[in-house]
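Enquirer: Sequence:
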Amino acid sequence: MGNADTKLHFRKAVIQLTTKTQPVEPSDDAFWDQFWADTCTTVQDVFALVPAAEIRAVREESPSNLATLCYKAVERLVQAAGCGCPSDSERQVVLNCSRLLTRVLPYIFEDADWRGFFWSTVPGAGASGDSAAEDIGSIDSCEYIWEAGVGFAQSPPLNYVHDLNRTELLKLLLTCLSEAMYLPPSSERRSLNPWVSFFCSSENRHALPLFTSLLNVVCAYDPVGYGIPYNHLLFSDQREQLVEQAVQILIVSLEHEGGSAASAALRALDSCGSPSGGEEQEPAGPDNLFVNYLSRIHREEDLSFILKGLARLMNNPLVQTYLPHSAKKIQFHQELLILFWKFCDYNKKFLFFVLKSSDVLDVLVPILFSLNDARADQSRVGLMHIGVFILLLLSGERNFGVRLNKPYALRVPMDIAVFTGTHADLLVLIFHKIITGGHQRLQPLFDCLLTIIVNISPYLKSLSMLAANKLLHLLEAFSTPWFLFSSPQNHHLVFFLLEVFNNIIQYQFDGNCNLVYAIIRKRNVFHQLANLPSDGASIQRALQRKKKPGVSRSNSAEAESTDESTPAVPAGPGSLKASLEATPEIDKITEKSQVSLDGTMITVAEPDSAQPPAAGESILEGDGEVCPTQSARSRLSSVSSSATWSASTDWVSSWKSKLPLQTIMRLLQVLVPQVEKICIDKGLTDESEILKFLQHGTLVGLLPVPHPILIRKYQANAGTAMWFRTYMWGVIYLRNVDPPIWYDTDIRLFEIQRI
Numbered sequence: 000m001g002n003a004d005t006k007l008h009f010r011k012a013v014i015q016l017t018t019k020t021q022p023v024e025p026s027d028d029a030f031w032d033q034f035w036a037d038t039c040t041t042v043q044d045v046f047a048l049v050p051a052a053e054i055r056a057v058r059e060e061s062p063s064n065l066a067t068l069c070y071k072a073v074e075r076l077v078q079a080a081g082c083g084c085p086s087d088s089e090r091q092v093v094l095n096c097s098r099l100l101t102r103v104l105p106y107i108f109e110d111a112d113w114r115g116f117f118w119s120t121v122p123g124a125g126a127s128g129d130s131a132a133e134d135i136g137s138i139d140s141c142e143y144i145w146e147a148g149v150g151f152a153q154s155p156p157l158n159y160v161h162d163l164n165r166t167e168l169l170k171l172l173l174t175c176l177s178e179a180m181y182l183p184p185s186s187e188r189r190s191l192n193p194w195v196s197f198f199c200s201s202e203n204r205h206a207l208p209l210f211t212s213l214l215n216v217v218c219a220y221d222p223v224g225y226g227i228p229y230n231h232l233l234f235s236d237q238r239e240q241l242v243e244q245a246v247q248i249l250i251v252s253l254e255h256e257g258g259s260a261a262s263a264a265l266r267a268l269d270s271c272g273s274p275s276g277g278e279e280q281e282p283a284g285p286d287n288l289f290v291n292y293l294s295r296i297h298r299e300e301d302l303s304f305i306l307k308g309l310a311r312l313m314n315n316p317l318v319q320t321y322l323p324h325s326a327k328k329i330q331f332h333q334e335l336l337i338l339f340w341k342f343c344d345y346n347k348k349f350l351f352f353v354l355k356s357s358d359v360l361d362v363l364v365p366i367l368f369s370l371n372d373a374r375a376d377q378s379r380v381g382l383m384h385i386g387v388f389i390l391l392l393l394s395g396e397r398n399f400g401v402r403l404n405k406p407y408a409l410r411v412p413m414d415i416a417v418f419t420g421t422h423a424d425l426l427v428l429i430f431h432k433i434i435t436g437g438h439q440r441l442q443p444l445f446d447c448l449l450t451i452i453v454n455i456s457p458y459l460k461s462l463s464m465l466a467a468n469k470l471l472h473l474l475e476a477f478s479t480p481w482f483l484f485s486s487p488q489n490h491h492l493v494f495f496l497l498e499v500f501n502n503i504i505q506y507q508f509d510g511n512c513n514l515v516y517a518i519i520r521k522r523n524v525f526h527q528l529a530n531l532p533s534d535g536a537s538i539q540r541a542l543q544r545k546k547k548p549g550v551s552r553s554n555s556a557e558a559e560s561t562d563e564s565t566p567a568v569p570a571g572p573g574s575l576k577a578s579l580e581a582t583p584e585i586d587k588i589t590e591k592s593q594v595s596l597d598g599t600m601i602t603v604a605e606p607d608s609a610q611p612p613a614a615g616e617s618i619l620e621g622d623g624e625v626c627p628t629q630s631a632r633s634r635l636s637s638v639s640s641s642a643t644w645s646a647s648t649d650w651v652s653s654w655k656s657k658l659p660l661q662t663i664m665r666l667l668q669v670l671v672p673q674v675e676k677i678c679i680d681k682g683l684t685d686e687s688e689i690l691k692f693l694q695h696g697t698l699v700g701l702l703p704v705p706h707p708i709l710i711r712k713y714q715a716n717a718g719t720a721m722w723f724r725t726y727m728w729g730v731i732y733l734r735n736v737d738p739p740i741w742y743d744t745d746i747r748l749f750e751i752q753r754i
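Quick note: the sequence shown uses my numbering, first residue 0, plus one each step.
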């Protein structure tokens, strides 16, 4: 009954605020205290009792009342921070103020005229609470880090009430940082989020303990706990909510914003405090301290703690038990991938630590699991991108390719054919399934997927027969004449695959008899490529074949798809997805590096014309079914320029002459007669005998001079930064549905679409 009365009183206060046409004085504490004093409304209650329409009405018709409401709520938070909230009633006031601000802030951000409100002063505002703040400011907050881990050895006793309160305050902080969602996307725009800059600047004297607390809470979290079956159904886990908010605050705060925005935020405050201060010469402003702290983590035990913590959470969906649904499953996988990405990008010591042991495979397997699981769901296309981008970043390092040779012994529930092989085989099988069984929105990722395989190919000691056949199947599909002639970019996929085969033949011939045998079996594909017709009549015939209804892949290509897998299906009804910026082109996000004899990498400034032009000429996104595999391959260029571009003899000849077929043709020239001879002489019909022959064969001195190994390393730019920003905020928007903080507000960074 009392709770109902509380809600009624709170609702009456809201109605009074929305119906008053005259400004309410800030000194009228009796009126303003109705919103936070002596009330026990939950955050869900606040969202239900303060409708969006009424917030907008106050903003438009009584702006001074909305301004005073925010000011008074912040004032109470300042007072509470000064006194330390010794009583339950004071703690309740803090929660009520934070819930109200969480509800109101998005409607302030959506109006450009209000965006500078929190960076201005309120006329007549006093300095209440300042002296108390000085007293509590003498406390060393590093002694109150929330969890043991990086830089802190003591593990405080678990307090569920503290976890709940921290979660609510972090929710308010995340709402403050979300101003970026109300600005249109622009890759040219430097950081324009003063909230992130100020929070991560030296003005925040608690930046270090806050960063450490957030990081340690995330990396120390174990959702399975003691492993008691169904424990998550019997007991509520407040720590999970805190961890989810913590990882979201971390990924938002770790935007590399430099000094410009922080300087702007500090200038705004200084100019408000002193009218003459605006024209004074200002320092460049502090860097983002969260990025600074992250980049300086270097102790082995700290790096191990972070990697093991992230890997444990990333592997959580893969946990299997004999009892169905008995293990707790977390839901913030995408935020974890973004956090892992930022660690690898900002802290090279962490990246090398990940790659120096087989622990990298503890990250690889859950990423591949997520890619396979999400390939058919259009609402999770962003997850596909971040997973592929992480693997592209890792594949630029030699150790990643070397680690992939470790045998794959796990039995993760994935709809792929059972095989015996390495983690490299697993990667190839998953990539093949994405290309042949994913939906059309994944087509811009084909370049990245094949670039990853190219990067690791010089180090793959032994591909399984299944993986080798999948690679040959892709070449067979992509080298179909009508596919090659359908777009000015499609031939680049063939260059990628030929480079993979050349790398393995030149550098890992011993041990790769399965791939060599697959190449010999499919030798007609290479002969057809070498003899690809380029006359106008042949080009037209090939394109006409594409337009005939019912034309599918060749039977030989069809036979290679041996998995009994679940076909791609559209997203479920009513599911939401956030729109993303265009996928950055492959040449914009990679740079070529040549591996020297001592293993070091030298950046290649100008692309060698003898090498595949894949890194110099990129593939773009588009629509239309042009690929002979299960999922259509589309190109923006083929659509936007379809009226002006068409395959010509000169165009085909320009890239056909550069096809790197010499090594493969030499291999076929040497080995095919030998294989045919032993088959005839010994009457062999069992391929295992042929594989034994190939296993002990050699091509030393028979192949062309080995070409230099070229690695395409990930290179960040403004386009990728914008992509990550839209993806990150889109994930946060969709994950925060209880309460729905930003629902039905005027988001401009992306669009929310029902599919």
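It cannot be assumed that every hint is accurate.
As the list claims (entries may be wrong) - Have a look at the derived ranges for each label pair, beta carbon to beta carbon:
(1) E89 - D27: 16 to 22 Å
(2) G510 - S201: 28 to 34 Å
(3) N530 - F418: 31 to 37 Å
(4) R734 - E89: 43 to 49 Å
(5) D110 - R734: 55 to 61 Å
(6) D110 - N203: 34 to 40 Å
What the hints assert, rightly or not - Straight-line alpha carbon distances no greater than 20 Å define the calculated SDA-like cross-link-like pairs of lysine to any residue that follow:
(7) K11 - P22
(8) K347 - K327
(9) K19 - Y70
(10) K307 - P222
(11) K405 - K347
(12) K6 - C39
(13) K347 - F304
(14) K460 - F304
(15) K170 - E60
If you are wondering where the hints come from, they were derived from the structure by calculation, not from laboratory data. Remember, it's a predicted structure, so these values are computed and weren't measured experimentally. Glycine residues also receive a C-beta, built at the ideal position from the N, C-alpha and C atoms.
Enquirer: Assess, step by step, whether the Cα of K307 is no farther than 20 Å from the Cα of P222, and give holds or violated.
Expert: holds (14 Å)
Enquirer: What's the verdict on K347 and F304, does the C-alpha distance respect the 20 Å limit or exceed it?
Expert: Holds - the C-alpha atoms of F304 and K347 are around 16 Å apart, at most 20 Å.
Enquirer: Within a Cα-Cα threshold of 20 Å, do K19 and Y70 meet the stated pairing?
Expert: Holds, because 18 Å separates the two Cα atoms, which is no more than 20 Å.
Enquirer: So the hint says 28 to 34 Å: do the beta-carbon atoms of G510 and S201 match that?
Expert: violated (55 Å)
Enquirer: For the pair we were handed, K347 and K327, check the Cα-Cα distance against 20 Å.
Expert: Cα-Cα ~33 Å, so violated.
Enquirer: Below or equal to 20 Å on CA atoms is what counts here, so check K460 against F304.
Expert: violated (31 Å)
Enquirer: Can you tell me whether the CB distance of R734 to E89 sits inside 43 to 49 Å?
Expert: Given about 31 Å between the Cβ atoms, the range is violated.
Enquirer: For the pair supplied as a hint, K11 and P22, is the alpha-carbon distance within the 20 Å limit?
Expert: holds (17 Å)
Enquirer: For a C-alpha distance cap of 20 Å, please report whether K405 and K347 respect it.
Expert: violated (24 Å)
Enquirer: Using the beta carbons of E89 and D27, state whether their distance is inside 16 to 22 Å or not.
Expert: Holds, since E89 and D27 (Cβ atoms, about 21 Å apart) stay within the stated range.
Enquirer: Falls inside 31 to 37 Å, the C-beta gap from N530 to F418?
Expert: Since the Cβ atoms of N530 and F418 sit about 34 Å apart, the hinted range of 31 to 37 Å holds.
Enquirer: CA of K170 to CA of E60, is that 20 Å or under?
Expert: It is violated: about 28 Å lies between the C-alpha atoms, which goes past 20 Å.
Of the numbered hints stated above, those contradicted by the structure are hints 2, 4, 5, 6, 8, 11, 14, 15, listed in ascending order.
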